[in-house]
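Novice: In case you want the letters, here they are:
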Amino acid sequence: MNKIIYLDNSATTPTRKEVLKETQKYFLKQFGNPSSFHSVGLESKKAINKARKKISKILNCEEEEIIFTGSGTESINLAIKGIAFREILKGKRGHFITQKTEHDAVIQTMKWLEKMGFRTTYINVDKKGIIKLNELKTAIKKDTLLVSIMYANNETGVIQPIQKISKICKEKKVLFHTDACQGAEYLLLNTKKLGIDMMTINGSKIYGFKGTGALYKKKEIKIEPLIHGGNHEFGLRSGTENVPGIIALAKALELAEKEKKIENKRLTKLKNYMINKIKKEISFSKLNGSTKRLPNNINFSFFGIEGESTLLLLNEKGIMVSTGSACSSQSLEPSHVLTAMGIKHEIAHGSIRFSLGKFTTKKDIDYTIKELKKIVKNLRKISPIWNKKTGLIKK
Amino acid sequence: MNKIIYLDNSATTPTRKEVLKETQKYFLKQFGNPSSFHSVGLESKKAINKARKKISKILNCEEEEIIFTGSGTESINLAIKGIAFREILKGKRGHFITQKTEHDAVIQTMKWLEKMGFRTTYINVDKKGIIKLNELKTAIKKDTLLVSIMYANNETGVIQPIQKISKICKEKKVLFHTDACQGAEYLLLNTKKLGIDMMTINGSKIYGFKGTGALYKKKEIKIEPLIHGGNHEFGLRSGTENVPGIIALAKALELAEKEKKIENKRLTKLKNYMINKIKKEISFSKLNGSTKRLPNNINFSFFGIEGESTLLLLNEKGIMVSTGSACSSQSLEPSHVLTAMGIKHEIAHGSIRFSLGKFTTKKDIDYTIKELKKIVKNLRKISPIWNKKTGLIKK
Amino acid sequence: MKFEGQDWFYSKKVKEHFLKPKNVLKNKSEIKNYNGYGKVGNMKCGDIMEMWIKIEKGIIKKCKWKTWGCASAIASTSMLSIIITEKGGMKINDALKITGKEITKRLGGLPQIKIHCSVLGDEALKEAIKDYESKNNL
Amino acid sequence: MKFEGQDWFYSKKVKEHFLKPKNVLKNKSEIKNYNGYGKVGNMKCGDIMEMWIKIEKGIIKKCKWKTWGCASAIASTSMLSIIITEKGGMKINDALKITGKEITKRLGGLPQIKIHCSVLGDEALKEAIKDYESKNNL
Ligand SMILES: Cc1ncc(COP(=O)(O)O)c(C=O)c1O
Ligand SMILES: Cc1ncc(COP(=O)(O)O)c(C=O)c1O
Numbered sequence: 001m002n003k004i005i006y007l008d009n010s011a012t013t014p015t016r017k018e019v020l021k022e023t024q025k026y027f028l029k030q031f032g033n034p035s036s037f038h039s040v041g042l043e044s045k046k047a048i049n050k051a052r053k054k055i056s057k058i059l060n061c062e063e064e065e066i067i068f069t070g071s072g073t074e075s076i077n078l079a080i081k082g083i084a085f086r087e088i089l090k091g092k093r094g095h096f097i098t099q100k101t102e103h104d105a106v107i108q109t110m111k112w113l114e115k116m117g118f119r120t121t122y123i124n125v126d127k128k129g130i131i132k133l134n135e136l137k138t139a140i141k142k143d144t145l146l147v148s149i150m151y152a153n154n155e156t157g158v159i160q161p162i163q164k165i166s167k168i169c170k171e172k173k174v175l176f177h178t179d180a181c182q183g184a185e186y187l188l189l190n191t192k193k194l195g196i197d198m199m200t201i202n203g204s205k206i207y208g209f210k211g212t213g214a215l216y217k218k219k220e221i222k223i224e225p226l227i228h229g230g231n232h233e234f235g236l237r238s239g240t241e242n243v244p245g246i247i248a249l250a251k252a253l254e255l256a257e258k259e260k261k262i263e264n265k266r267l268t269k270l271k272n273y274m275i276n277k278i279k280k281e282i283s284f285s286k287l288n289g290s291t292k293r294l295p296n297n298i299n300f301s302f303f304g305i306e307g308e309s310t311l312l313l314l315n316e317k318g319i320m321v322s323t324g325s326a327c328s329s330q331s332l333e334p335s336h337v338l339t340a341m342g343i344k345h346e347i348a349h350g351s352i353r354f355s356l357g358k359f360t361t362k363k364d365i366d367y368t369i370k371e372l373k374k375i376v377k378n379l380r381k382i383s384p385i386w387n388k389k390t391g392l393i394k395k
Numbered sequence: 001m002n003k004i005i006y007l008d009n010s011a012t013t014p015t016r017k018e019v020l021k022e023t024q025k026y027f028l029k030q031f032g033n034p035s036s037f038h039s040v041g042l043e044s045k046k047a048i049n050k051a052r053k054k055i056s057k058i059l060n061c062e063e064e065e066i067i068f069t070g071s072g073t074e075s076i077n078l079a080i081k082g083i084a085f086r087e088i089l090k091g092k093r094g095h096f097i098t099q100k101t102e103h104d105a106v107i108q109t110m111k112w113l114e115k116m117g118f119r120t121t122y123i124n125v126d127k128k129g130i131i132k133l134n135e136l137k138t139a140i141k142k143d144t145l146l147v148s149i150m151y152a153n154n155e156t157g158v159i160q161p162i163q164k165i166s167k168i169c170k171e172k173k174v175l176f177h178t179d180a181c182q183g184a185e186y187l188l189l190n191t192k193k194l195g196i197d198m199m200t201i202n203g204s205k206i207y208g209f210k211g212t213g214a215l216y217k218k219k220e221i222k223i224e225p226l227i228h229g230g231n232h233e234f235g236l237r238s239g240t241e242n243v244p245g246i247i248a249l250a251k252a253l254e255l256a257e258k259e260k261k262i263e264n265k266r267l268t269k270l271k272n273y274m275i276n277k278i279k280k281e282i283s284f285s286k287l288n289g290s291t292k293r294l295p296n297n298i299n300f301s302f303f304g305i306e307g308e309s310t311l312l313l314l315n316e317k318g319i320m321v322s323t324g325s326a327c328s329s330q331s332l333e334p335s336h337v338l339t340a341m342g343i344k345h346e347i348a349h350g351s352i353r354f355s356l357g358k359f360t361t362k363k364d365i366d367y368t369i370k371e372l373k374k375i376v377k378n379l380r381k382i383s384p385i386w387n388k389k390t391g392l393i394k395k
Numbered sequence: 001m002k003f004e005g006q007d008w009f010y011s012k013k014v015k016e017h018f019l020k021p022k023n024v025l026k027n028k029s030e031i032k033n034y035n036g037y038g039k040v041g042n043m044k045c046g047d048i049m050e051m052w053i054k055i056e057k058g059i060i061k062k063c064k065w066k067t068w069g070c071a072s073a074i075a076s077t078s079m080l081s082i083i084i085t086e087k088g089g090m091k092i093n094d095a096l097k098i099t100g101k102e103i104t105k106r107l108g109g110l111p112q113i114k115i116h117c118s119v120l121g122d123e124a125l126k127e128a129i130k131d132y133e134s135k136n137n138l
Numbered sequence: 001m002k003f004e005g006q007d008w009f010y011s012k013k014v015k016e017h018f019l020k021p022k023n024v025l026k027n028k029s030e031i032k033n034y035n036g037y038g039k040v041g042n043m044k045c046g047d048i049m050e051m052w053i054k055i056e057k058g059i060i061k062k063c064k065w066k067t068w069g070c071a072s073a074i075a076s077t078s079m080l081s082i083i084i085t086e087k088g089g090m091k092i093n094d095a096l097k098i099t100g101k102e103i104t105k106r107l108g109g110l111p112q113i114k115i116h117c118s119v120l121g122d123e124a125l126k127e128a129i130k131d132y133e134s135k136n137n138l
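Residue numbers (our numbering), protein chains in the order written: chain A, 1 to 395; chain B, 1 to 395; chain C, 1 to 138; chain D, 1 to 138.
Just to be clear, a hint being listed does not mean it is correct.
[To be verified] Interface residues of chain B toward chain D, partial, derived using beta-carbon atoms under 8 Å:
#1 E308
#2 H349
#3 I382
#4 S383
Hints are computed from structural coordinates only; laboratory data are not their basis.
Don't be surprised by glycine CBs; every beta carbon is placed ideally from N, CA and C.
Hey, can you work out the whole structure from these sequences and the hints?
Specialist: Okay, here's the thing in structure tokens:
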């Protein structure tokens, strides 16, 4: 049978062998609880301190500004609700701002805060998926507590102008959190240069461990913890530290940082090769989202066909891709990301995300396109909305 | 140098080799996101479903009644705050009950809910550390939302009469959650026989992974999630599932269940041997807590000496123990667990917890007692509160 | 890592019909051989279905279709086209009684979230029958 | 797993003094050789310290102590007993100026949470000096 061609690295990555190897002894031998006072405990403590230091160097921040959590989602919830609960305890509410193509971790948290009495604003994006900065400027009100805008989108890889956003937030004196889960592997993570107040990263997208994440938070920002207990992580996230997971996160981030330049170059080339080849070989195919995108993301709509069918037929050939984000792949609505970009439903439904990774080769791409061509052709044959000349039949 | 004798298994356990082995492929090869629609994703989904099934069989409950989380602390927070937020969204508050020797994960969560406008009651324990059931009965009010009482205590191993408590709660029609983090390895986990509504377990105490936990919750109980996002875990705990961690939890619990009977017997014998030997060989030493305790827990106070010093001198001999719980080992206050049992400060400060484990042998115990004897003797020599005839000088 | 197609979201039967759908309309020119036509679905939900049937003496003798949609939409149309034409064809009255449930059952079940796709098939069929009846003033 | 005592919560100096405390009072019968006595601390915080000093011509010549408490309490008493008796002994006035900070420094630092333990030592010393002065009507 075929080899597996995994083009779903934006959904999750495997753990790198180097990363897994580095953690083994923390499972079996150096397994102490970092809060234990004896040597076995102190070694664990030292190990997570070292990990914290590594990450703080990459993020150009202090060690106490890194809070380890159990996922990207948790970090995002901590950043946003941490501010919200602080206000609730003061008997106050307030206003949050985000934008329409955020991950559900942000959107659903906002929706919940609405039920808790907060106001929210979802800024629009343009056709390319980039936030409308003017709208952002006017949306910021006196009681705006936090702006949360993602670094790079999980479906399209579109990169938001973080530095411009942070400048606006600084001028308006409002806090700015960015969800960098997708960006961490490829983009600048220097928090000072980015000018951000809080940032979420996670391990499952950067060849680390699933179930790991971190929140960078400037130390002068006061937030309430979501998880109370033994006062771990500076009192902001209690629970015995996931020592191997933390070490994996630091190692993965370190490797990513080291290889960033070369990997970005290699993947950008591969990405452009694939985009051009698809455009050339498959008629009525449309790249969704700006070209200001991650080096590993390719999101195409193929007119007249539907994403899930395409995904499953590619799967039959050993090619793993995604429609929209992994999380929403089992829902019926078209991707909220693509519709926010003004893409028509019938085209949004035909979108496929190819997310390349560390192990993707040109050969993989060639094979994928070869199979994709046949699949698109066959699905169009049975499609009632497909028209050879116009792409889609007129309604 | 010496071999390490790890007698701090209540703080955390190593990961068992069998458990770690079972998870390896989920890091490297079968690493898909369980929400992905392709085969690599579906295999992960299948794997966590299998893990859920395993656990639900041990707990004698349905699969949808297991919610995977990132720690024992998180599960506890979810159980308690999940109820609290549900009430808040209805514009209501209410009353929670717990008891005085709970883990900080419960105590600090309760303290926070007080700030959010809830009332709380902390039931007293008797000298042996066992909850006063009469107090519990009268404490339950019309607006009591939840009773949360631990299964077994982390410092003393004292086991609470869960079935009696669940009977009281049933009669009074109030929900009952139990923190079974310490009990899971050794005690009955059949939720139907226990008669409980919610139960917390975690991986770090049962030879699984750190950073893993689960909450059993009867499916008819409505709670709000703490972490919002892609609607994982039946919408109650979002975030990409920690596939290896979940598999580790299931495997660890399965092994514990299988070996429970034999291990309990072996450890009970070892425990009694150690208790008797300490009593015989070290004068003015006092076992803290009821004999209705976990088979692996020995908590002794040695009159006239202080815990941290004892711990560090044992550490010099390669023996890892704890004073009070790992979490509070770096605080100055004497253990809240021992003081709740009416133990005087000077005696509480002299307490040491020896928590045995799967790898503890009789030889380890003999060596420990030999060294302990010398250490106690030396510390008493320099102690201003020690008196050879009376144990402690009269103040 | 070798791929052996181990895992699949749907039943074996769905897979079969999705990978090799039966009774697809191959060519527009065939349409003239059919006397009932229906089209249902919408762009937002991501499935649209067209169906052509040939009715003779109150019995559906042939059925062709085209579907834009997910695997279960494709498979359930394919299955429906078989149900109504197998064993010499189905009487109109019986065909009108076909429900999504029946199609789902013949497919070996569908995930909860996909049940609506099988409903689409029987709606297209009803439309086609209505079309036939109105054309024939029935 | 081999134990090589790799890790230690405190500084090397603290470890040294904790493992081999200096100037501990060995025997109650020695007390008569000292002319100043102080006792501080409380049971709740878990440390109590007794100190005996021998003052000659305004200079502390000898110091003995007993401590119930954590490693840093033991080490800082031990260190204090050395500071005030080294180089022929310390003048009372200088001894009264000793702060926890100085003791901590000589110990190579203490964790934040343990700073209070070193404060205890200088308080015991002050008590002992007070005792000496009141006995001698100074
Ligand atoms: C009784 C008890 N409850 C809760 C916890 C918290 O578990 P975790 O550290 O996995 O969050 C622990 C252990 O620390 C415990 O012993
Ligand atoms: C942009 C973005 N934010 C947040 C998350 C959530 O991360 P996790 O699944 O680790 O909670 C993801 C991935 O699922 C993501 O792609």
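Novice: Hold the hint about E308(B) up to the distance rule: shortest CB distance to chain D must be less than 8 Å.
Specialist: This interface hint holds because 4 Å falls under the 8 Å limit.
Novice: Was the hint right that H349(B) lines chain D, CB cutoff 8 Å?
Specialist: holds (4 Å)
Novice: Let's test the interface hint: is any C-beta of chain D closer than 8 Å to that of I382(B)?
Specialist: holds (5 Å)
Novice: A closest beta-carbon separation below 8 Å is what the hint needs, so does S383(B) meet it against chain D?
Specialist: S383(B) check passes; min Cβ-Cβ to chain D is 5 Å, inside 8 Å.
No hint from the list above goes unmet by this structure.
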